[in-house]
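Student: Sequence:
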Amino acid sequence: MYLDLHIAAHNIDGIASTPSIQKLHSLLEFIEENNIDIMAISETNIDYRQEYFINQDIKSKVYSIVFSERDQKTKGSGTALVIHNRWMKHYYAVERISPYIIIVKFLFIQREIWIWSIYAAPNNQDMRKNLIEELKIAIEGHNRSIQNTVVLHVVLGDFNDTIDNKIDRSPSTEQPGSQFLIQLSQLGLYD
1 MYLDLHIAAH
11 NIDGIASTPS
21 IQKLHSLLEF
31 IEENNIDIMA
41 ISETNIDYRQ
51 EYFINQDIKS
61 KVYSIVFSER
71 DQKTKGSGTA
81 LVIHNRWMKH
91 YYAVERISPY
101 IIIVKFLFIQ
111 REIWIWSIYA
121 APNNQDMRKN
131 LIEELKIAIE
141 GHNRSIQNTV
151 VLHVVLGDFN
161 DTIDNKIDRS
171 PSTEQPGSQF
181 LIQLSQLGLY
191 D
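Residue numbers (UniProt numbering): 1 to 191.
It should be emphasised that the hints constitute simulated quantities derived from the structure, not laboratory data.
Where hints are given, some of them may not hold.
To be verified - Heads up, simulated EDC-like pairs for lysine to aspartate or glutamate below, C-alpha to C-alpha not over 20 Å straight-line:
1. Lys105 / Glu140
2. Lys61 / Glu29
3. Lys75 / Asp13
4. Lys23 / Glu51
5. Lys89 / Asp37
6. Lys129 / Glu69
7. Lys23 / Glu33
8. Lys75 / Glu51
9. Lys105 / Glu69
10. Lys105 / Glu95
11. Lys23 / Asp37
12. Lys23 / Asp47
13. Lys23 / Asp57
14. Lys89 / Asp4
15. Lys89 / Glu112
16. Lys136 / Glu95
17. Lys105 / Glu51
18. Lys75 / Asp126
19. Lys61 / Glu32
20. Lys136 / Asp126
21. Lys105 / Asp37
22. Lys105 / Asp4
23. Lys129 / Asp161
24. Lys61 / Glu33
25. Lys89 / Glu32
26. Lys129 / Glu140
27. Lys89 / Glu51
28. Lys105 / Glu134
29. Lys61 / Asp37
30. Lys75 / Asp47
31. Lys61 / Glu51
32. Lys23 / Asp13
33. Lys129 / Asp71
To be verified - Restraint-style ranges between C-beta atoms, simulated for each label pair:
34. Asn165 / Glu95: 30 to 36 Å
35. Asp168 / Met88: 30 to 36 Å
36. Ile109 / Pro171: 46 to 52 Å
37. Gln22 / Lys136: 36 to 42 Å
38. Asn55 / Phe30: 14 to 20 Å
Just so it is clear, the structure is predicted and the values come from calculations on it, not from any experiment.
Each residue gets a CB set at the ideal place from its N, CA and C atoms; glycine is no exception.
Sequences and hints are given; from them, build the entire structure.
Tutor: So this is what it looks like as structure tokens:
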């Protein structure tokens, strides 16, 4: 099976207020102009219960948005996937694992594509550890439930990290690379 899938990720830093919704409209214009099929957006500060109203507000004939939960105590939570409607015809399920992880599943003949949107807040190490544990549990559970189907996992999001600080930072530093990204690769998720 050959796929032509254009993906991207963006930290929108909040769209919960009326003036901020303009950021979403601008982002949708950018997505359409650049022929992006699926974009993960982080830090929406929106709960999935508002999904219907936002999709009505944007009045897009081309894209739909699926939101995660939102941590009511924390600004900087919530993630979503903006999905082109040609992909929505293959959509069959969403899993809202936490305010920081959402999985949207697409079904094809003997094949599934699971698009993960993850937001890892930069200064909360406990949350980042919990995020890795939630991912591990989700992947192990999903792997046990799949039979005779090939699943392609595509993980998008804002990890607030770099793998190699010597080449990814300016000025470069000698600090070791990200433990979070190393742990993701140990789960079988890699670039």
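Student: Does Lys105 pair with Asp4 here, judged by a C-alpha cut-off of 20 Å?
Tutor: Holds - the C-alpha atoms of Asp4 and Lys105 are around 17 Å apart, at most 20 Å.
Student: Starting from the range 30 to 36 Å, see whether the pair Asn165 and Glu95 falls in it by beta-carbon distance.
Tutor: The hinted range 30 to 36 Å holds for Asn165 and Glu95, with Cβ atoms some 33 Å apart.
Student: Please work out if Lys105 and Glu69 have their alpha carbons no farther apart than 20 Å.
Tutor: It holds: about 17 Å lies between the C-alpha atoms, which stays within 20 Å.
Student: Against the 20 Å threshold, does the CA-CA distance of Lys136 and Asp126 hold or violate the hint?
Tutor: holds, 15 Å
Student: Quickly compare the C-alpha distance for Lys105 and Glu95 to 20 Å and report which way the hint goes.
Tutor: Satisfied, since the Cα-Cα distance of roughly 8 Å is no more than 20 Å.
Student: Quick check on a hinted range of 14 to 20 Å for Asn55 and Phe30, using CB atoms only.
Tutor: holds, 18 Å
Student: So if I understand the rule, the pair passes when the alpha-carbon distance is 20 Å or less; does Lys105 with Glu51 pass?
Tutor: holds, 17 Å
Student: Run the distance test for Lys23 versus Glu51: straight-line Cα separation, threshold 20 Å.
Tutor: This hinted pair holds, its Cα atoms lying about 16 Å apart.
Student: Please work out if Lys89 and Glu112 have their alpha carbons no farther apart than 20 Å.
Tutor: With Cα atoms ~13 Å apart, Lys89 and Glu112 stay inside 20 Å; holds.
Student: Please work out if Lys129 and Glu140 have their alpha carbons no farther apart than 20 Å.
Tutor: Between Lys129 and Glu140 the Cα gap is close to 17 Å, so the pair holds against 20 Å.
Student: Is the Cα-Cα distance between Lys89 and Glu32 20 Å or less?
Tutor: Holds, because 18 Å separates the two Cα atoms, which is no more than 20 Å.
Student: Given the hint that Lys61 pairs with Glu33, test it: the Cα-Cα distance must not exceed 20 Å.
Tutor: holds, 14 Å
The structure shown violates none of the earlier numbered hints.
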